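On the provided structure of chain A, position chain B as indicated by the hints.
Listed in order, the protein sequences are those of chains A and B. Heads up, the final residue of the first sequence is numbered 113 in the numbering used here, and it's a clean run with no missing numbers. Heads up, the final residue of the second sequence is numbered 1113 in the numbering used here, and it's a clean run with no missing numbers.
Simulated from the structure, these hints should not be mistaken for lab results. This structure is a prediction, so every number in the text was calculated from the model and none was measured. Any given hint could be a false lead.
[Unchecked claim] Below 20 Å or equal to it, Euclidean Cα-Cα: the simulated DMTMM-like pairs (lysine to aspartate or glutamate) are:
(1) Lys1098(B) / Asp31(A)
(2) Lys1098(B) / Glu1068(B)
(3) Lys1051(B) / Glu1068(B)
(4) Lys1044(B) / Asp24(A)
(5) Lys5(A) / Asp1106(B)
(6) Lys1044(B) / Glu42(A)
(7) Lys1071(B) / Asp1056(B)
(8) Lys5(A) / Asp24(A)
(9) Lys1096(B) / Asp1106(B)
(10) Lys5(A) / Glu1041(B)
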Amino acid sequence: DQQVKQNSPSLSVQEGRISILNCDYTNSMFDYFLWYKKYPAEGPTFLISISSIKDKNEDGRFTVFLNKSAKHLSLHIVPSQPGDSAVYFCAPHASGGSYIPTFGRGTSLIVHP
Amino acid sequence: NAGVMQNPRHLVRRRGQEARLRCSPMKGHSHVYWYRQLPEEGLKFMVYLQKENIIDESGMPKERFSAEFPKEGPSILRIQQVVRGDSAAYFCASSKGKNQPQHFGDGTRLSIL
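Isolated chain A (complex conformation) (with noise of 0.2 Å):
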């Protein structure tokens, strides 16, 4: 039983434009949201997180939204360069316990120049 789920497996997407990456977890335990971007043969990197007590972090091109409620949340990129082209993984975790990130399974994002 999948707790973090990424529907799109992968994305394509014109440079300069936005790329929507969406992820629905089923934990209402979660109230930290990391994503991580991976690029092949390396290691994930951090890339934002938000707290449950925000709806929304910005950082430069990178955008998080989070929708309690509907208990979904997604990263925005605007614009879309072709650097970053990578998979990215949401990856919640609760407080309460030992802050281990529970991964999706990733979406593979390709951004076309």
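Chain B alone, transformed into the frame defined by chain A:
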């Protein structure tokens, strides 16, 4: 200012052999986490260690797998009597504290012949 170092990057073993994967955390980090990624899957948590102690091993298979993080030296993930299903990418992460961001190594790709 090295990041998390994992070695070897690639490891090939025959069925029944032992595999030893090493992880040196970032300087100043005393918390180590091991994850496994199967093809087309997200990262699955295996074990969380803090110098000489196993804090959470809820993701570790009950048999053949063990992990340690000695007072001196790297953390070791040991897989005895490997089987084909153990083929995966194994990632190590480290953090300063349990509620701090995790920094990942580039992984060890284990292939079982």
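Quickly compare the C-alpha distance for Lys1044(B) and Glu42(A) to 20 Å and report which way the hint goes.
The given pair, whose Cα atoms are some 16 Å apart, holds under the 20 Å limit.
Does Asp1056(B) sit within 20 Å of Lys1071(B), going by the straight-line distance between their CA atoms?
18 Å, holds
Given pair status - Glu1068(B), Lys1051(B), alpha carbons within 20 Å:
OK: Lys1051(B) and Glu1068(B) at ~9 Å, within 20 Å.
Could you grab the alpha-carbon distance between Lys5(A) and Glu1041(B) and see if it respects the 20 Å cut-off?
11 Å, holds
Does the alpha-carbon distance linking Lys5(A) and Asp1106(B) stay inside the 20 Å limit?
24 Å, violated
Would the hint linking Lys1098(B) and Asp31(A) be met if the CA-CA limit is 20 Å?
15 Å, holds
For a C-alpha distance cap of 20 Å, please report whether Lys1044(B) and Asp24(A) respect it.
Distance of about 17 Å is within 20 Å: holds.
Proposed proximity, Asp1106(B) with Lys1096(B) (alpha carbon, max 20 Å)
Between Lys1096(B) and Asp1106(B) the Cα gap is close to 19 Å, so the pair holds against 20 Å.
Given the hint that Lys5(A) pairs with Asp24(A), test it: the Cα-Cα distance must not exceed 20 Å.
OK: Lys5(A) and Asp24(A) at ~5 Å, within 20 Å.
With a cut-off of 20 Å on the C-alpha distance, tell me whether Lys1098(B) and Glu1068(B) pass.
Status holds; Cα separation ~17 Å.
The structure is inconsistent with hint 5 alone, although it conforms to all the rest.
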